[in-house]
Structure formats: C-alpha cells, structure tokens
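**Student:** These protein sequence lines map, in sequence, to chains A and B.
One gets our numbering by counting positions in the first sequence from 1 and adding 6 to each.
One gets our numbering by counting positions in the second sequence from 1 and adding 6 to each.
Mixed in with the good hints, there may be bad ones.
[Stated by the list, open to error] Cβ-Cβ distance ranges computed for the label pairs, FRET-style:
1. A/Glu168 / B/Arg271: 36 to 42 Å
2. A/Thr206 / B/Tyr215: 52 to 58 Å
3. B/Gly297 / A/Glu168: 34 to 40 Å
4. B/Ser149 / A/Asn209: 27 to 33 Å
5. B/Asp199 / A/Gly193: 33 to 39 Å
6. B/Tyr215 / A/Val254: 35 to 41 Å
7. A/Lys217 / B/Ser261: 21 to 27 Å
8. B/Gly297 / A/Asp411: 36 to 42 Å
9. A/Gly193 / B/Arg112: 14 to 20 Å
10. A/Gly193 / B/Gln257: 53 to 59 Å
11. B/Glu179 / A/Ser60: 30 to 36 Å
12. B/Gln136 / A/Val254: 34 to 40 Å
[Unchecked claim] Residues from chain A that keep clear of chain B, each with C-beta distances beyond 10 Å, as calculated:
13. Gly129
14. Arg326
15. Glu362
16. Gly379
17. Arg391
18. Ala413
[Said to hold, decoys possible] Where chain B lies over chain A, by a calculated footprint (3+ residues, C-beta under 8 Å):
19. 20-31
20. 34-46
21. 305-312
22. 344-355
23. 402-408
Source of the hints: derived by calculation from the structure; they are not laboratory data.
These numbers were taken from a predicted model, which means no experiment stands behind them.
Glycine residues also receive a C-beta, built at the ideal position from the N, C-alpha and C atoms.
There are 2 protein chains.
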Amino acid sequence: MKAAVIAVGNEVLFGDTVNTNGAFVAAELTAAKVQMVLQTVVPDQISQLVAAISQARRVADLVVLIGGLGPTVDDITRQAIADATGCPLQLDPTALADVERYFAERRRPMSQSNRQQALVPVGGQALANQRGTAPGLWLEVDSQVVVALPGPPIELAPMFRETVLPRLRQRLEGGRQVIWLRTSGIGESTLQDMLGDLLTTTNPSVLPYAKLGEVHLRILADAASQPAAEQMAAQRLAAVMALIGPYVYGQGDVSLESVLLDRLRQRQQTVAVSESATGGLISARLSDPAGASQVFLGGSIVYTASAKVHFGALDAGELRRHGPVSAWAAEELAHSVRHQLDATWGLASCGWAGPEADGEVGLAYTAVAGSAGVTWREHRLGHNRHDVRHRLAQAALWHLYQVLDEAE
Amino acid sequence: MKAAVIAVGNEVLFGDTVNTNGAFVAAELTAAKVQMVLQTVVPDQISQLVAAISQARRVADLVVLIGGLGPTVDDITRQAIADATGCPLQLDPTALADVERYFAERRRPMSQSNRQQALVPVGGQALANQRGTAPGLWLEVDSQVVVALPGPPIELAPMFRETVLPRLRQRLEGGRQVIWLRTSGIGESTLQDMLGDLLTTTNPSVLPYAKLGEVHLRILADAASQPAAEQMAAQRLAAVMALIGPYVYGQGDVSLESVLLDRLRQRQQTVAVSESATGGLISARLSDPAGASQVFLGGSIVYTASAKVHFGALDAGELRRHGPVSAWAAEELAHSVRHQLDATWGLASCGWAGPEADGEVGLAYTAVAGSAGVTWREHRLGHNRHDVRHRLAQAALWHLYQVLDEAE
C-alpha cells in the first residue's frame, strides 16, 4: 500500500507551525508497512486542496488529510474530499449525536456551525473524536482509502492509533515489525564499527539515528505475516544486543531519566545532584517524570565559585588549587550533596561550556558518589555551548546508570 | 511572487525527521512578501523529484529545493533540476575550488564523489557554502527561479539569509516589514481583548501566537516600498505598545531569560534561585545564555521536604504548618537563597505539578526577595504536569522581570 499525507492550512504552509503531524503520521504508516510516497502542505483554499487530493490519488492508494475539520468557513477538508471524489456530503446522525454530546458533557452551548462537522461524504463514515468536536472521516472509493484527521495533535494521535491503524491493518498484506533502541555513552561511528555487517542487510535492517548525546537504532523486519516479521526482528534484536547491549538503556519511547528513576525506585534508593556547567539541566530531567519526588531529592546549582564553597561545601583553598573544572571538584560536589541530602547516590557535573572560558571549552567532569566511594570521568564534548551543556547532562545521567549497573 | 518549497529525502518523507527546514524557509519567504502556495516532501528518487519540480513550476515563480546535494548516489537534486529544466549539468571551476578548499582547510582527503558537488546546470550559479561541502544552486529559467539549499540546518540558514534572500529582494516589488513581539504574564484572550480593533485590520495586521507560558505577536505591513512598509509597521508597533507595552519583554528572536540577564548585567546585579516544583528548569534557563555566570550565581533544588529544610534553611515545624506549597515557603526559599549566595535577588518557586499531589494540581507560588523585602504571587497553571512545570518557570522569571521594572 502506498500513502500520501496532505496537511491543510496556512499556518503550516507559511511556516508558522512546524509540520509535526505530518511526521507523526508518516512514521506510523512506515512502521505499519505502508510505503510513503508523498507529503504535501496546501493552503486553506478548496481548489488547491481538491487538486492536491486528486494528485495524491494518482500516486497513492491511501490519502491521509490532516486539519481543516473545524466549524469555520476556513475548514474546507470535508467539502474538498466530496469534490475530489464525487461523493456529496450528507448529515450523519451518529456523528451529529457525538458532536452534540461533546458540548452537552461540557455544558457548553453548541453553535449552528458545529453541525457541519457531522457532514460525511456518501459511502464514508465519521470517526469518533474522544478529545474534541471534529469527527474524522474514513472513505473507501475506487478501491482507494481517503482518511481525514483533526489537526490538534492530542486529537489526531489517538484517533489515528486507535481507529485508523486497526482498519488499515486489515487491508495490509504481510507483516512489519519495528523496534527502536536507545543507546547512550557511545558515538555513532563507534556504534557503526561495532555493529559492522548488521548495518548492511536490508531485511531486517538496522539503522542508526544520531541525536544530541545519544544514538537511536531502528530495527525493521518485513515478512509474509506479522508473527514472522516479529520473529525476524526479535532475532536481529538479539544479534544487536550481543554486540552493543551494555550501551542500550531502553526500547521504544523512553528517556534515560525515566529508566534511571525506575531502577532507583525498584531498589528504594534516592539521588541528589550538584550541578555546575549544566546549571539545572540534570535536575530538570530527573524531576520531569511523574513520581520523580520518590527518588530525586534535589540538590545544588553551584554555578559560581562562591556557590561551590557555600552550597557545595568545597574548601576554598583546594578549589583554587584544583580549579572549578577538575575531577576533584566533581568528586567533592557529588560527595557533599549525597551527605547534605542523605541520598543513596550523589551525582555532580562541572565543565567549561564556553564560549568564553578560563579553560578548554568542552572539557568536563562527572562524578558519582555512593556508599562504596566516588568515581569520576573526564569528557570532551565539543565547542558549542548548548551542545556541551546538554551532552554533559546526558553524560552525568549515563555515568550514574553505569554505576548502578555495576552495583547490581 | 509565488513560491513552492520541496524537501528531498526519505528521512523526512518517512517521518524520521520533522521538516523544520521547510517551516524555516516558508516563514522566511512569507516575511519577505513571497506568497507560499505549496510545500511537498518527496523521496530520494529522481523521477519523483523531477515530477515534483515540474508541478511546482506550474503553480509558483520560485521553487526552493532542500537537501539531496551531498556526494552520494542518493543525492539527486542537481540531476533532477537539470532534467526538469532542460539545463544540463557542467562542472563549475569556482565551485570545485570551493569544495577543494573546504577539504584542504580541514586537512581531510577529498574523494572523487565530492567533485560532483561542483556540477551546476548551464545558466545557473553555485552558491558558496561556508559551513559544509555542498554548494547551493541558483538557476533562472523561463523567468522563474529554482534554488537548491543543503539539508543541514546549520548550512541552510546562513546560505538562505545571506545569499538567497538578498537576490530575491531585487526581484520583489514593494516592501514588507515584519515585527515579532514577545509577551509574558498575559493570556491570549486577555491580550486579544486589550488589542481590540487592532487585531481586525488586514494591513498592517497583528496576529497572536500562543506558546507555552507566553504569547508572541506578529505585526506585518505591506506597502509599495520597503521604507513605507517599515513606517506602517512602526506606527502599528507604537499603537500596540500603547495598549500592552508592560507585557512586552522583547522584539525578535529573544528569550525572557536573556532579556533578564542583560538587565541584571547592566545594573551589576546578581540572582540566586531556589526551585521546588520546577526542579531545575529556572536555573537551566538562566544558565543557558553565554556569559550567564556574571549574573546567575546558582541556587538550590529543594524538591523534597528534607531538601527544603537542609538546603532551603526552612524551619521544619513552620514548613509542616504552612505546607510545602505556600506563599510562606516561596518567600522563605527566596529569602534564604539570596542570603546564602549573597545575591542581589533571590527567586523561588513551589507548586503541585501532579499528577499525584497532596494539594490542588496547578496551584503554585513564586517569590522574589531583594534588599527592599520579598513579594509573592499565587498561580493556577492547569493540570498537565509538563505544562505546569514550564509555566511556573516562566511565571517565576516574569515575576523577577516585573520587580526589576518597578525597581527602576
């Protein structure tokens, strides 16, 4: 099955909004073994949208439209589908009842214009929207499928995953399995060297994606059936893990901080953080997941020498001798914050983020203190201030992750 | 002038990468008075790219291609432009010298495949790339313009702004002036009420864009000449500022933290931060701009009660009485951290971010302590953990901004 995705609206076309919806739908379709052949963005003008739908139907079996389903005159997607397919609109009583219930449940008055959201092309079906007023559309015509989804991501994503994808799967031949791995502590080129021939096969395929501070890996397997694809992917996963397992911290849409917090929670352990160059980035990440306060206690931001002495409890003379960016400073900060907050683990960072610096920009240290002592690591993280700071936060979290691994 | 933007490559088409380049170019063109009519994303396949270029030339006077200029066989943009326009490729000696110099300066060997990056359609020109190996292309054919830009944003943005935009301006009739304003401390609907009729005129137009915790405003004026457009925009700016001036913290691409740091630096003042619910977000923002350490000293992350007592120096009994989310706690934390780090200003946050909470999710406090005393504010910031945390960080920075304003 080949697919085209059309985003409707001036806001995306004029670049005021980045087309994240298009990327989401394209990635979901690709993972479901649908071949993406085209993405377009068109203005809120019916003639241009009709032309785009017609063009998409010439190259694709599936056309997914995003946006333009609201109640205003700018919302032209329903009419454009009707015009492009020759299936006139009619009022769908079930869809109308859904829209009316949405307003009734929220005790909000429903305007007359919302009625047009219940219009459906003849032969098509409305797709219920749990989170907004705009029903989606599903239309099968000339052995093709035309789907329309609402623009707000919070409405689009569940409608796509819960309603559209299951319907598409019934039409898809064969199976596809996608596994995403997240790695840390290893660069893309080293990872490629370690994976070697595994990167050159096409089915299953293994593809690295470099992100700031970490590399993600996509394993993709196609087969005649879904179970066969899952088995192929699982075998390739085992081969990948045998080569780079120690660098893989999770599968799917997980963050390093959420994995860390889960591990600490399972052990009933806690962590406190003392940050210099990262200036709050490590703490902000560790306090991001829900329930973080069971594990992350807090810490100190010791951005200046005075803060290192007063909050970090560093000896002023020793600090001058070793310098604020040193293995000694990282160790002392980790040690201090662990004791100050009575945490199982103390984690610390220091470094020269630049652009102006009294030392080598990109040079940085992390330290992890625990009951068995303290370890430090030296890092060289490039020359861009933003990247150095974010890579250092990642390096600190990874340092703690590996110490936990060893302590297991 | 009407424009179409074509992004080339499977990575964008399949949704692995969000098309931020397309949004960037579209926004820049819109600001320069070019009418965006189409955006497309096509695979790394020459026949499909040729078809997309031909289609774009039917609806637009300007076609901008993004990506596909590298040295590999997947990089098909040059050949596709040649095929679609009938202008065959030839080696451009100047472009070749540029590519060779790029490698020589970095003492890296240049492979034979990099030579093809110096191919230019007959009648076209190579655009020098200061930051990578791939020259861009500029081709005028049949009174239309075809431009090709490299895919890496760090190469694309300067080439577009420094080379392409000045050339386009020579072909554009009339003038357009765009002014972006950034506001904080006011919701979109209140802002709309205050601006009233200013939002309904079409030229100049004033358009709000709601972001997380702040609202941006775009003023856009079209006129027969650039000076006339600038004058119209300046007059509308004055009218807007007369109505909402106190909520505008900056123009253009500035952040609230960078404006705050500049103001503090001018006064030779410093700030220290004590964060509870924000967990490091305020400190991470204040340490983000280059040169932050002259102004931002550091502070404490007091995520748990124990941290509030040990790092925040809060009295344990009083903390139980008032609760960790209270005006009292915010005031005490701001006061403590100011004294602990001997800062001009102490800034503090506390709140219930949820989803599980011992109080009302979204309820939060900020406090600012200075030599003249301490002030606190109460906030209700919604029910989504991520949004509450980021809105609270914004509210804290805005609290300090306004206290500075009053202290002027």
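**Student:** Which numbered hints are broken by the structure, listed smallest first?
**Tutor:** 1, 2, 3, 4, 5, 10, 15, 17 and 23
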